[in-house]
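Under full-length UniProt numbering, the sequence shown has 51 at position 51, and the numbering climbs by one with no breaks.
The reader is advised that the hints may include incorrect statements.
[As the list claims (entries may be wrong)] The following label-pair restraints were derived from C-beta to C-beta distances:
hint: 1; residue 1: Gln6; residue 2: Asn135; range: 48 to 56 Å
hint: 2; residue 1: Asn135; residue 2: Ile28; range: 50 to 58 Å
hint: 3; residue 1: Arg99; residue 2: Lys121; range: 19 to 27 Å
hint: 4; residue 1: Arg116; residue 2: Gln6; range: 39 to 47 Å
[What the hints assert, rightly or not] EDC-like, lysine to aspartate or glutamate: derived pairs with alpha carbons at most 16 Å apart:
hint: 5; residue 1: Lys68; residue 2: Glu57
hint: 6; residue 1: Lys68; residue 2: Glu26
hint: 7; residue 1: Lys68; residue 2: Asp11
hint: 8; residue 1: Lys121; residue 2: Glu100
hint: 9; residue 1: Lys68; residue 2: Glu107
hint: 10; residue 1: Lys68; residue 2: Asp25
hint: 11; residue 1: Lys50; residue 2: Glu79
hint: 12; residue 1: Lys50; residue 2: Asp11
hint: 13; residue 1: Lys68; residue 2: Glu100
hint: 14; residue 1: Lys50; residue 2: Glu10
The hints are simulated quantities; they were obtained by calculation from the structure and are not laboratory data. In this text, a Cβ means the ideal position worked out from N, Cα and C, and glycines have one as well.
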Amino acid sequence: MPARLQIKSEDCSPLGRLILQHLEDEAISMNRLAELSGIPQPRLRGACFKGTCPTPETLRKLARAMGKHHLELYTLAYEGRIENLPEDANDNSLDMLMREMFETAREMGLTPPTIRPSKAKIRKALMELGFRSKNEETA
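Just need the whole structure built from these sequences, with the hints factored in.
Here's what the structure looks like:
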């Protein structure tokens, strides 16, 4: 029997590392996850590597099969792809904030809303999280 092609964690994107961890935690193969998600195995395997851009549909299918919210996978898939970060960007970047929000929601047993929140609710939540307008920062 020929040797199987193993994916090494160091060759993976953050999304790929999550997929590998899921395979290990669930004791399933890449082929089985491909079946469960409805994603062709070569496409699923390719989504694991650094520099790849899985399609939104692939991420949605994968999220469903893994029991995750698709926005969490989007965040991991596109982590580090923003090239022109503001000068004052630090470890509290939007990617980390999104990941922490999803992690906290999962710990609390919360599920994402089925209806998109209004702009007013989003603004209120951002202010409660400590976001401030540029006018407030300079005052």
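**OP:** Would you pick out the hints that fail for this structure and give their numbers low to high?
**Re:** 7 and 8
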